[in-house]
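*Asks:* So you can see what is in the structure, the chains are spelled out below.
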Amino acid sequence: MQEQLRILAGKMLADGRAARVLGWKRTDFETAPEPSFFTAQDDLSELVYNKYCAANLSGFMIGAGKRDGVTVVFLKPCDTYSFNQLVKEHQIDRAKAYVVGVSCGGNAKVEEMEDVGWLERCLVCTKHDHVVYDELVLDESLSRPEAQDRFGGVTRLEGLQSLERYEFWQGELSTCIRCNACRNVCPACNCKKCVFDSAKYDTAAKANVTTFEEQLFHIIRAYHVAGRCTDCGECARVCPQDIKLQLLNRKIIKDINELYGEFQAGQDTETLGPLTAFNADTDAEPSIVHTRG
Amino acid sequence: MKRVGVFVCHCGTNIAAAVDVGEVVDKARLERGVVFSAEYPYMCSEAGQTMIANAVKEHNLTGVVVSACSPRMHEVTFRKAAAKIGLNPYMLEMANIREQCSWIHKDKDDATKKAVSLTSAAVAKVHLNTPLFAGESPVTKRALVIGGGIAGISVALDVADAGYDVDIVESTPGIGGRMAQLDKTFPTLDCSACILTPKMVDAATHDNITLHTYSEVESVEGFVGDFTVTIRKKARSVDMKKCTGCGACYDKCPAKKAPSEFEEGLSNRKAIYIPFAQAVPNVPVIDREQCIKFKTGKCGLCETVCAPGAIDFEQQDELVTQKYGAVIVATGFRPIELGKFGEYAPESKDVLTSLEFERITNAAGPTKGALVRLSDGRKPKSITFIQCVGSRDTTPRGKAYCSKICCMYTAKHAMLVKDKYPDIDVNVYYIDVRSPGKNFDEFYRRAAEEYGVNYIKGQVGKVVDMGDHLVLQAADMLDNRQITARTDMIVLATAIEPLKSTKPIASMLTASIDTNGFMTEAHPKLKPVESPTAGVFLAGACHGPKDIPETVAQAGAAAAKVLGLLSKSKLTTNPCVAAADELACNGCSACESVCPYGAIGYEDRQINDHGVRGNQRLAAVNTALCQGCGACAVTCPSGAMDLLGFSNRQILAEVDALCR
Amino acid sequence: MQITGEQTFTPLITAFCCNWCSYAGADLAGTSRLAYPAEVRIIKVPCSCRINPLFVLRAFQKGADGVIICGCHPGDCHYIMGNYYARRRMTLLFSLLDFMGIERGRTHLEWVSAAEGAKFAATMSGFAENIHKLGKNRRLEDLRCKSS
Amino acid sequence: MLGRTDLPNRLRVISGAKDKDCMKCGKCSASCPSYEKMDIRPHQFVSYLQRGDVDAMMNSTTVWACLCCYACIERCPRDVKPAQIIEAARLMLIRRQGDTPYVSADDIPELLDPDTPQQLLVSALRKYTK
Amino acid sequence: MVVYTYYPGCTLKTQAARLDSYARVSARALGFELEEIDQWQCCGAVYPLGTDEVAAKLACVRALMAARDSGRPLVTLCSACHHVMKRVNHDMRMDKDMRAKVNNYLEDEGPYGGETEVLHYLEVLHKHLGFAKLKEMVVNPLSGRKIGAYYGCMLLRPSAVMEFDDPENPTLFENFLKALGAEQVVFPQRNECCGGYISLRERERSAEMAAKVADSAARHGAEELITACPLCLYNVNKTSGGKLPVVYFTELLAQALGVEAEEEEAAHVG
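Chains as they are written, first to last, in the numbering used here: chain A, 1 to 293; chain B, 1 to 660; chain C, 1 to 148; chain D, 1 to 130; chain E, 1 to 270.
Be aware that one or more of the hints could be misleading.
Where chain C lies over chain B, by a calculated footprint (3+ residues, C-beta under 8 Å) [claimed, not checked]:
#1 58 to 72
#2 518 to 529
Between beta-carbon pairs, the in silico distance windows are [stated by the list, open to error]:
#3 T61/D to R486/B: 22 to 30 Å
#4 T291/A to E450/B: 53 to 61 Å
#5 P114/D to N103/E: 39 to 47 Å
#6 G556/B to T282/A: 36 to 44 Å
#7 R126/D to G258/E: 36 to 44 Å
#8 N454/B to E36/D: 18 to 26 Å
#9 E129/C to T282/A: 28 to 36 Å
#10 G105/C to K80/B: 39 to 47 Å
#11 E129/C to A83/B: 39 to 47 Å
In silico EDC-like cross-links for lysine to aspartate or glutamate, where the CA-CA straight-line distance does not exceed 16 Å [what the hints assert, rightly or not]:
#12 K25/A to D42/A
#13 K66/A to D604/B
#14 K24/D to D432/B
#15 K193/A to E582/B
#16 K96/E to E262/A
#17 K13/E to D115/D
In case anyone wonders, no lab produced these hints; they're calculated from the structure.
Ideal Cβ positions, reconstructed from N, Cα and C, are used throughout, including at glycine.
Put together the whole structure using the sequences plus the hints.
*Replies:* Set out below in structure tokens:
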């Protein structure tokens with residue numbers, strides 16, 4: 001597949017259909033290829049595609065759309081949802097993107113440059129098909145790890161006592177070092193100016209001083225991407241402290257699915273998100289939080 | 001740093017009895033930026049207001065807090081006072097220490113503590129207040145009425161009589177609407193045409209009214225006071241200026257197979273036609289789908305016989321663009337399709353909708369007023385009316401609402417039949433008889449008591465056409481028996497629904513429709529004739545099922561609202577509107593999708609972000625449309641969108657102060 | 001009567017009320033002299049849809065023990081649909097807070113019309129009582145913001 | 001064991017019907033081919049459930065007269081599903097009685113003829129027995 | 001040749017095997033094959049209406065699963081089987097609770113989520129083959145025969161689930177007759193009940209109801225009736241005493257196509 005992608009990219013650059021190619025570039029470590037724009041055919045030998053190519057390239061297309069010419073981008077099935085969502089939010093110029101859907105057999109979890117199994121997101125993956133593409137490069141031989149229940153983690157936590165949940169989150173969030181990696185990698189976190197960097201709200205802070213700030217940051221971040229988060233799992237992947245950030249996003253997704261009907265952000269580019277829509281007759285009252293389970 | 005003055009009111013003893021006012025005054029002085037604080041028995045009095053004015057001048061105050069009653073009571077009073085002395089009215093805030101403090105808390109310490117806290121929150125907020133200015137927008141002194149039925153005609157006449165220009169856009173060739181199809185009207189049984197026709201003529205001849213018949217609204221731009229509307233005048237194929245209305249054309253037209261819309265398809269009309277004899281305007285139109293000339297190129301008989309030479313086969317649609325200050329939607333209703341109600345045998349010629357029955361009983365109708373079965377021309381010995389066909393039906397084929405007019409028109413129909421033919425057996429199957437209008441119940445009881453109409457409680461289950469008669473099966477719920485009855489004609493009180501064209505019109509106007517497709521009012525109690533979109537008003541059945549008196553009353557109310565709007569030389573807009581920070585806006589459209597008023601649009605604008613220039617897709621608030629709810633401000637993830645007067649920072653400052 | 005330290009806890013409650021229904025309902029409670037605890041402090045917003053989750057969290061940060069939100073009844077919103085947005089937003093926010101181990105009883109939403117002064121007072125009394133039972137909010141607090 | 005007061009709710013659950021939605025239009029009774037054989041008519045059956053009189057429902061002739069032709073369900077403007085209420089009452093009855101109250105297996109041979117389709121036998125047994 | 005997975009049902013495998021044979025030979029003549037499910041069990045003949053009747057649906061679910069695994073639609077012939085299959089399938093697709101309960105019972109065999117498309121034989125003719133095509137393949141047009149189509153209850157109601165045709169004004173059966181060259185007679189009682197299972201205990205009552213159907217058809221000019229339901233066939237035939245012959249639709253189809261019931265197939269069951 002890697003070879004096919006190189007050939008495809010080469011042709012697109014050669015005949016001028018594309019100004020650049022967005023893909024994964026080899027680094028000194030096999031387990032850590034990095035997102036990169038390729039503009040010269042000669043550089044394409046550095047283009048790799050393997051199970052370490054975990055980075056979701058959709059977010060980079062925001063910037064690519066502001067440059068001249070078409071950008072070829074390689075997207076795994078799950079990445080296409082982010083891409084679509086960004087198109088819906090007018091962040092990506094669809095006309096200036098040439099989406100090449102690539103097969104995915106799951107991404108490896110890497111710890112200290114060592115392959116230690118599968119990424120959590122790949123174990124619960126539900127996004128097997130590309131929802132947007134101009135061309136597909138498929139490898140039928142790739143097989144995915146056996147699927148687990150995507151909401152299993154959320155459900156288990158829901159089953160705990162309130163105090164146990166609090167303690168769980170204290171345990172998780174107290175390790176947060178506010179490096180902002182989750183925010184920087186998240187395709188949905190594309191605000192020009194984040195509220196946490198704004199002097200307007202008295203929320204700007206470089207480091208967490210109290211436990212409240214960790215909670216505030218992660219609650220508000222989860223909330224700001226609610227209904228827009230495609231559950232791409234990048235935040236959890238890049239967290240240097242291994243905080244289970246996906247649980248926050250998935251909790252909201254699970255609530256949305258249960259309360260307002262199944263919704264998958266990025267499924268298309270038209271449907272209104274669940275927080276920008278409502279159903280006057282059937283929406284649950286917030287008291288449902290108090291009465292259920 | 002603002003220089004803030006705090007004024008605490010005793011409100012006689014209303015506040016002073018429960019709150020230690022002096023303590024509030026003293027504590028206020030300790031708040032940041034407070035350079036003056038004082039108390040007064042009645043702050044809202046002339047003397048109290050003077051006290052504020054003097055203090056503002058003397059202490060050079062740039063912000064004022066009045067701790068007194070509810071702002072819903074006196075905010076306007078104090079803001080006017082502030083404006084009088086040259087302070088921007090929005091630099092004044094109130095702390096509600098009466099309704100929400102002194103009147104409910106008996107413990108003086110608690111109440112005082114709370115009053116101090118509420119006052120400090122108001123001080124914290126006023127520090128972040130900025131002068132706000134109500135904008136102004138022009139008002140075009142002309143109204144557009146969409147729909148030429150009794151609702152549209154009534155509004156147009158009321159507005160035109162007050163001296164303003166009004167245009168009526170009507171999609172069919174003539175005005176009059178549903179009412180023109182009716183024979184008699186309840187509960188007085190007066191002739192529909194006799195009261196409607198003069199109104200139609202008035203509308204057509206009024207100096208201030210322009211009729212655009214056979215026309216549709218093509219596009220709408222702008223907002224209250226300043227709408228720009230393009231109207232498509234469909235090609236009539238007849239020159240309205242030349243036509244004398246002699247009727248020679250449709251007398252001679254050989255294409256006579258088109259089902260007549262006006263007669264509900266019960267009879268045919270010509271390809272060139274006027275909808276009915278008293279049509280206004282009395283100018284025919286050519287139905288190009290039916291016309292032999294248009295279909296084959298041959299014929300042209302109408303052209304030959306038209307002495308003034310008004311026939312124009314080459315005529316094209318014409319687009320007219322006009323500015324309006326107000327728009328009134330009066331698009332009306334239609335009976336629902338009964339295709340899915342097979343149990344009532346709607347395909348049978350002797351099973352009629354109520355509107356078809358109106359035409360049968362009308363002297364100008366397809367049977368010339370003779371009450372006969374359409375299948376065999378026999379006079380029926382028995383007529384059965386079935387109520388609630390498709391109304392109050394929550395299944396996908398029906399309408400969940402009550403169509404409201406059916407009970408009364410059925411009583412009318414039953415009575416008219418009995419009046420003319422006492423020998424005909426008339427039965428009405430009903431679920432409930434609803435007759436809450438003026439003289440309505442008396443009317444319905446007359447049908448039963450004086451005219452001997454049988455009312456049977458129970459919905460009909462099935463109707464079967466046996467050829468020379470019909471059979472129905474029903475249950476009399478009060479008698480607890482099942483009925484299998486023979487009858488000769490069945491009239492279905494068919495549910496009514498808004499016209500299909502209502503939806504596109506609503507979306508052009510950014511007005512909303514409900515789940516049933518009816519136009520939504522701005523407030524069910526207090527703004528029943530206004531749509532949520534400023535400058536758009538509602539009249540008649542497009543807003544919900546209505547009878548004629550109610551329609552005319554609503555039309556009058558809408559006209560009053562329109563006149564109130566048009567009489568202004570300009571509009572002041574609410575200054576507490578949303579505004580986007582262009583440096584933070586991402587152009588993601590989330591705010592646009594939650595705005596109930598369509599007040600947010602997007603534009604590509606060049607911005608200068610600390611020297612970096614670039615074109616960006618940015619939210620732009622139309623302040624004339626924005627009502628200031630704040631839905632957009634919360635949906636905006638970057639906080640770019642904010643609400644003036646209730647900004648994020650202001651509310652956070654209040655929170656901080658109250659939680660101290 | 002001597003009150004022990006534990007019992008002197010008076011909760012701090014922040015109430016967000018929409019201008020058209022709930023704030024008017026609160027005024028009516030006042031006009032009708034219907035008492036509710038003085039710890040309830042009301043902030044007026046144009047519509048329940050103006051309430052940013054950040055406001056709720058900020059109140060907790062600054063020491064509120066409970067946050068209650070009031071709006072027009074569904075279908076009665078002055079801005080047509082604002083309370084429907086608020087309903088979804090707050091449902092998800094409350095659920096997320098619950099998920100993070102913040103006691104459920106500390107957040108509440110109630111629809112109160114301008115005519116429901118009695119309901120307003122009863123709602124506030126009931127909410128304050130619940131907060132009183134829950135005690136001081138210790139799970140969401142910012143120690144720096146504590147007043148001495 | 002269910003108490004008496006639980007019976008109406010039990011019946012509601014089994015039937016999956018929405019008795020509260022009924023507006024008493026009588027269209028079910030108007031459509032019913034077995035109306036004359038029923039002592040409690042379809043529309044009344046809904047009222048009985050609203051009132052909670054499950055015993056009367058179970059002891060009615062209605063449960064044996066309903067043919068499950070679904071005409072009432074098809075035509076009901078409120079989607080109440082009267083036949084499902086009747087069926088639920090019948091199910092509760094045969095479950096309580098445990099045995100065939102209406103036809104016993106011994107009677108069957110004499111009721112058959114050479115043309116009797118299997119379908120008749122199976123459906124009758126399903127209706128009359130547990 | 002197009003192959004469908006086929007569920008014949010009890011009646012058509014025993015007492016009315018001939019009618020099943022007609023269906024198969026006609027299918028072959030029309031270019032499709034009915035492949036019977038291995039080891040099917042009786043559908044129960046009556047759809048279990050109670051929301052707590054889970055076990056009663058298992059036989060159907062197993063047949064539906066077999067069809068799903070075959071990757072083909074499931075074709076039924078008998079109206080009752082079709083009714084029960086279609087509704088159970090609908091439950092499995094739409095009713096979360098019922099799906100969970102049934103799948104609990106199934107354990108290793110499951111889960112099943114209503115993936116199978118359930119088609120009545122007439123729907124195959126209508127939707128897949130097309131009545132126009134059928135008309136072309138008719139060898140012996142039934143010209144001059146005035147036939148009323150008797151739908152009964154099971155095919156049509158509840159229409160929201162059955163989605164067979166307009167429940168009050170159906171046309172599918174009539175169009176079938178038209179394709180066979182017969183003169184169709186529309187009569188008002190065609191969607192009324194024949195009495196169904198009560199004919200076992202209360203023969204007079206079902207006779208009364210069946211007579212209403214037959215009279216209505218006769219009054220509107222029918223000289224014979226067709227039906228898709230073996231129980232309707234039985235009830236109306238019993239009553240009308242041959243005055244108005246009732247024919248199963250596959251028999252009529254075989255006649256028009258000029259095919260005979262296969263001996264061995266008939267013998268095999270007989």
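*Asks:* If a hint holds in the structure, say so; if it doesn't, say that too.
*Replies:* Verification of the hints:
1. A count of 3 residues in the segment 58 to 72 of chain B with a Cβ less than 8 Å from any Cβ of chain C is obtained; the coverage claim is therefore met, three being the minimum.
2. Counting residues of the segment 518 to 529 of chain B whose C-beta sits closer than 8 Å to any C-beta of chain C gives 4, which meets the bar of three, so the coverage hint holds.
3. A hinted range of 22 to 30 Å for the beta carbons of T61/D and R486/B is consistent with their spacing of about 29 Å.
4. In this structure the supplied range 53 to 61 Å holds for T291/A paired with E450/B, their Cβ-Cβ distance being about 57 Å.
5. Here the CB-CB span from P114/D to N103/E is close to 42 Å, well matched to the stated 39 to 47 Å.
6. In this structure the hint that G556/B and T282/A lie 36 to 44 Å apart at CB holds, the actual value being about 37 Å.
7. Range check, R126/D to G258/E: about 39 Å between beta-carbon atoms, so the 36 to 44 Å window is met.
8. Checked against the given bound of 18 to 26 Å, the beta carbons of N454/B and E36/D, roughly 22 Å apart, stay inside it.
9. About 31 Å separates the C-beta atoms of E129/C and T282/A, a value consistent with the hinted range of 28 to 36 Å.
10. At about 44 Å, the beta-carbon gap between G105/C and K80/B stays in the expected band of 39 to 47 Å.
11. Checked against the hint of 39 to 47 Å, the C-beta distance between E129/C and A83/B comes to roughly 44 Å, which is consistent with it.
12. Taken as a hint, the K25/A and D42/A pair is honoured in the structure, with Cα atoms around 13 Å apart against an allowance of 16 Å.
13. Restraint check: the Cα-Cα separation between K66/A and D604/B comes to about 13 Å, which is no more than 16 Å; the hinted pair holds.
14. Note on K24/D and D432/B: the hinted pairing holds, with a Cα-Cα distance of about 9 Å set against a maximum of 16 Å.
15. Straight-line distance between C-alpha atoms of K193/A and E582/B comes to about 11 Å, which keeps the hinted pair within the 16 Å bound.
16. This hinted pair checks out: K96/E and E262/A have alpha carbons roughly 14 Å apart, not beyond 16 Å.
17. As the CA atoms of K13/E and D115/D are separated by approximately 14 Å, the hinted pair is consistent with the 16 Å bound.
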